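K.L.:
What follows is the residue order along each chain.
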Amino acid sequence: QKEVEQDPGPLSVPEGAIVSLNCTYSNSAFQYFMWYRQYSRKGPELLMYTYSSGNKEDGRFTAQVDKSSKYISLFIRDSQPSDSATYLCATEYDAGKSTFGDGTTLTVKP
Amino acid sequence: DAEITQSPRHKITETGRQVTLACHQTWNHNNMFWYRQDLGHGLRLIHYSYGVQDTNKGEVSDGYSVSRSNTEDLPLTLESAASSQTSVYFCASSETAAPGELFFGEGSRLTVL
Numbered sequence: 001q002k003e004v005e006q007d008p009g010p011l012s013v014p015e016g017a018i019v020s021l022n023c024t025y026s027n028s029a030f031q032y033f034m035w036y037r038q039y040s041r042k043g044p045e046l047l048m049y050t051y052s053s054g055n056k057e058d059g060r061f062t063a064q065v066d067k068s069s070k071y072i073s074l075f076i077r078d079s080q081p082s083d084s085a086t087y088l089c090a091t092e093y094d095a096g097k098s099t100f101g102d103g104t105t106l107t108v109k110p
Numbered sequence: 001d002a003e004i005t006q007s008p009r010h011k012i013t014e015t016g017r018q019v020t021l022a023c024h025q026t027w028n029h030n031n032m033f034w035y036r037q038d039l040g041h042g043l044r045l046i047h048y049s050y051g052v053q054d055t056n057k058g059e060v061s062d063g064y065s066v067s068r069s070n071t072e073d074l075p076l077t078l079e080s081a082a083s084s085q086t087s088v089y090f091c092a093s094s095e096t097a098a099p100g101e102l103f104f105g106e107g108s109r110l111t112v113l
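Protein sequence lines, in the order shown, are assigned to chains A and B. Per the working numbering, the very first residue in the first sequence carries number 1; after that it's consecutive. Per the working numbering, the very first residue in the second sequence carries number 1; after that it's consecutive.
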């Protein structure tokens, strides 16, 4: 079993839709949870970062962590074509080392 | 602006050859990492370093080595390239005081024929 499992997608939505991206993790000791965005043929870039449980909002993006169910979510409101990318969830498990989900590819159609 | 650069961006080599991928960062970060990204496997950690002269094996280190002689550089060497090492390789760096905040390079696409 992988430590971080991510809904595989791909996901295709119309512009303006609300997008929900989801992951589960297996180790209850994980404390730091991240979402990275990766455009085609580019390196991942950090989008959101949360510590422990709760919500964190940044503009149209909301990251949610539920430690009781070991569930990580990213919500995108009013999705735009520029949001089309692969989204990777990740947790840090030890001093800078992160484990990643396989990614969900999102396409937002105009 | 501080950045992390990888070279070469694309390389084609033959089975059995030694290959070195370069990674250079100007953030003065202590932590540096090499990941490979493959369809169906996501990003997997190859090697990592927490500072000069420090190197450690990651999840998929067989057939790879790294060295850290200064803060800025962490070259990745494939001792004898194999077709199974065809992949996209990403270098990343982070600051110890900022857990989880990895800064990635643009990637090096390696094809082993």
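Hints in this document: simulated from the structure, not taken from any laboratory. All figures in this text were calculated on a predicted structure; none of them were measured in a lab. Watch out, some of these pointers could steer you wrong.
[What the hints assert, rightly or not] With beta-carbon atoms standing in for the labels, derived distance ranges:
hint : chain 1 : residue 1 : chain 2 : residue 2 : range
1    : A       : 71        : B       : 63        : 34 to 40 Å
2    : A       : 71        : B       : 79        : 38 to 44 Å
3    : A       : 52        : B       : 1         : 29 to 35 Å
4    : B       : 12        : A       : 105       : 32 to 38 Å
5    : B       : 95        : A       : 67        : 48 to 54 Å
6    : B       : 77        : A       : 8         : 28 to 34 Å
7    : A       : 55        : B       : 113       : 30 to 36 Å
8    : A       : 66        : B       : 54        : 43 to 49 Å
9    : A       : 82        : B       : 3         : 35 to 41 Å
10   : B       : 70        : A       : 51        : 30 to 36 Å
11   : B       : 111       : A       : 109       : 28 to 34 Å
12   : A       : 57        : B       : 7         : 36 to 42 Å
[Claimed, not checked] Derived lysine-lysine pairs resembling DSS-like cross-links, with alpha carbons at most 25 Å apart:
hint : chain 1 : residue 1 : chain 2 : residue 2
13   : A       : 67        : B       : 57
14   : B       : 57        : A       : 2
15   : A       : 109       : A       : 70
16   : A       : 70        : A       : 42
17   : A       : 56        : B       : 57
Cβ atoms here follow ideal geometry from the backbone N, Cα and C, with glycine treated the same way.
K.L.:
Next, verify each hint and record whether it holds.
P.N.:
These are the hints, each one checked on the structure:
At about 36 Å, the CB distance of residue 71 of chain A to residue 63 of chain B agrees with the hint of 34 to 40 Å. In this structure, residue 71 of chain A and residue 79 of chain B meet the distance hint of 38 to 44 Å, their C-beta atoms being roughly 41 Å apart. One distance hint, 29 to 35 Å for the beta-carbon pair residue 52 of chain A and residue 1 of chain B, holds here, with the actual separation near 32 Å. Between residue 12 of chain B and residue 105 of chain A the CB atoms are about 26 Å apart, so this pair departs from the stated range of 32 to 38 Å.
Separation of residue 95 of chain B from residue 67 of chain A is about 25 Å and departs from the stated range, judged on CB atoms against 48 to 54 Å. Look at residue 77 of chain B against residue 8 of chain A: about 33 Å separates their beta carbons, and that is inside 28 to 34 Å. Judged by the Cβ atoms, the range 30 to 36 Å given for residue 55 of chain A and residue 113 of chain B is violated: they are separated by roughly 48 Å. Separated by about 36 Å at the C-beta atoms, residue 66 of chain A and residue 54 of chain B break the suggested range of 43 to 49 Å.
For residue 82 of chain A and residue 3 of chain B, the Cβ-Cβ distance of about 22 Å falls outside the hinted range of 35 to 41 Å, so the restraint is violated. One distance hint, 30 to 36 Å for the beta-carbon pair residue 70 of chain B and residue 51 of chain A, holds here, with the actual separation near 32 Å. Take residue 111 of chain B and residue 109 of chain A: their Cβ atoms lie about 32 Å apart, and the range 28 to 34 Å holds. For residue 57 of chain A paired with residue 7 of chain B, a C-beta distance near 38 Å keeps the hint of 36 to 42 Å intact.
Straight-line distance between C-alpha atoms of residue 67 of chain A and residue 57 of chain B comes to about 29 Å, which puts the hinted pair past the 25 Å bound. About 19 Å separates the Cα atoms of residue 57 of chain B and residue 2 of chain A, which keeps this hinted pair within 25 Å; it holds. A C-alpha spacing of about 31 Å is found between residue 109 of chain A and residue 70 of chain A, which places the hinted pair above 25 Å, so the restraint is violated. A distance of roughly 29 Å separates the Cα atoms of residue 70 of chain A and residue 42 of chain A; the hinted pair therefore is violated under the 25 Å criterion.
With a C-alpha separation of about 33 Å, the suggested pairing of residue 56 of chain A with residue 57 of chain B is violated against the 25 Å cut-off.
When the structure is compared with the earlier hints, violations turn up for hints 4, 5, 7, 8, 9, 13, 15, 16 and 17 and for no others.
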